[in-house]
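Quick note: the sequence shown uses the numbering used here, first residue 169, plus one each step.
If you're looking for bench data, these hints aren't it; they were derived computationally from the structure. It should be emphasised that the depicted structure is a prediction, and the values quoted were computed from it without experimental measurement. Do not rely on the hints blindly, as some may be mistaken.
[Claimed, not checked] Ranges of calculated distance between the beta carbons of each label pair, as one might list FRET restraints:
hint	residue 1	residue 2	range
1	Q265	E320	40 to 48 angstroms
2	E370	Q341	24 to 32 angstroms
3	P292	W199	35 to 43 angstroms
4	K192	V289	35 to 43 angstroms
5	P366	G315	35 to 43 angstroms
6	F314	L178	14 to 22 angstroms
[Said to hold, decoys possible] Taking lysine to aspartate or glutamate pairs in the EDC-like style, the calculated list, with each CA pair at most 20 angstroms apart, reads:
hint	residue 1	residue 2
7	K208	D185
8	K202	E259
9	K261	D193
10	K290	E258
11	K192	E259
12	K246	E213
13	K261	E338
14	K246	E258
15	K246	E196
16	K202	D185
17	K290	D334
18	K192	E258
19	K261	D334
20	K290	E277
21	K246	E259
22	K290	E370
23	K290	E259
24	K290	D340
25	K202	E258
26	K261	E277
A virtual CB, placed ideally from N, CA and C, is assigned to each residue, including glycine.
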Amino acid sequence: MSCNVYFGQLGLALGPDAFINLVKDGVEIGWNGKVISPGKPGSRELAETAFGQAAALVSVSQLARVGGTVASGGIYRKCGPGMELGPPCEERKILAQPGLAVPILSGMEQVVQAGTARGLVKPPGIRIYGKTGTADAIGTKDEIVFGVPYNEWGTPNSWFLGIAEDEHAEPDQASFPHRIVAAVVVPRGGLGARVSGPAAMEVLAAVQSLGYITPKAAAQPGAPAAPGAPTGSPGPGAPGGKAPLTVVSPVLATPTPSVPSPAARPSSAVSPVPTRPAAGAPSGASVSPAPTVSPRPAPPPTTPRPPAATTTPRPSPPAAPPSPSPPAQVP
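Full structure from sequences and hints, please.
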């Protein structure tokens, strides 16, 4: 769900220490990331922090890490600022038991199925857990160059946090391999479900197409495939006979039919005019046209010639007697 009243009441019930301890455990929130002042117990500021306003300032990277904590059963990971694959990420255990994240996953699943994100077009082959966000923010001096009025409540920031997993997985598990988290923010974009949500679906569809969410394992020789299970074959050079990650494209491209140029069309040996393949012939098939005979000029009246034989297998009609007039054209 996405309800300020519910989360405001939840924050008042938890109190400010819940947010302070979360930051002490290593979860970064706000510009500094090390300190948070969520508001006094029972205050309006505390309720606003609980539903994503006031002290709940996060960057898109910080929100992605929070989503990763939910997706992994309570493991908070922070990687370095670079894009290298080798260096390990810093890990912290935030939840005492992985199952404590299951209620959050279940709620995020309902957001996509029946809540504010129910209208999103989900990529095929994956299950989405999501949370939309429509964050009000007052205009700052840095936003003046973008046409945002300073010190006024402008268009909200559009947020979406999505967790994707293989659709064949059991839903609402504390953790599952190959889950991917995507966080998207569009400053002053408006409703999260209308702007950031569709953008996140495109990101997750691209990730799925590269095989990060649904890697397909090759079936053992002679072993029948499980009903409904996808099959694959090992690619060239795959170690141990294992198949590489199968690419599943969310958009199947339709090949454009090629139209042969007139120079490439077959031509008859007896006629210089190119002929077209017969209707219904398969593409690329060679169709031999029926031979044709060009009309012959009329011979001189004094030397009549018998008509030429037809090239068709049908029997020729009896030859006409010589006539001083020119013979008729051969059909």
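How the hints compare with the structure:
no. : hint                              : in the structure
1   : Q265 <-> E320: 40 to 48 angstroms : holds (45 angstroms)
2   : E370 <-> Q341: 24 to 32 angstroms : holds (26 angstroms)
3   : P292 <-> W199: 35 to 43 angstroms : holds (39 angstroms)
4   : K192 <-> V289: 35 to 43 angstroms : holds (40 angstroms)
5   : P366 <-> G315: 35 to 43 angstroms : violated (23 angstroms)
6   : F314 <-> L178: 14 to 22 angstroms : violated (34 angstroms)
7   : K208 <-> D185                     : holds (10 angstroms)
8   : K202 <-> E259                     : holds (16 angstroms)
9   : K261 <-> D193                     : holds (8 angstroms)
10  : K290 <-> E258                     : violated (31 angstroms)
11  : K192 <-> E259                     : holds (14 angstroms)
12  : K246 <-> E213                     : violated (28 angstroms)
13  : K261 <-> E338                     : violated (24 angstroms)
14  : K246 <-> E258                     : holds (5 angstroms)
15  : K246 <-> E196                     : holds (9 angstroms)
16  : K202 <-> D185                     : holds (14 angstroms)
17  : K290 <-> D334                     : holds (12 angstroms)
18  : K192 <-> E258                     : holds (15 angstroms)
19  : K261 <-> D334                     : violated (24 angstroms)
20  : K290 <-> E277                     : holds (12 angstroms)
21  : K246 <-> E259                     : holds (7 angstroms)
22  : K290 <-> E370                     : holds (9 angstroms)
23  : K290 <-> E259                     : violated (30 angstroms)
24  : K290 <-> D340                     : holds (17 angstroms)
25  : K202 <-> E258                     : holds (16 angstroms)
26  : K261 <-> E277                     : violated (23 angstroms)
Hints 5, 6, 10, 12, 13, 19, 23 and 26 from the list above are not met by this structure, while the remaining hints are.
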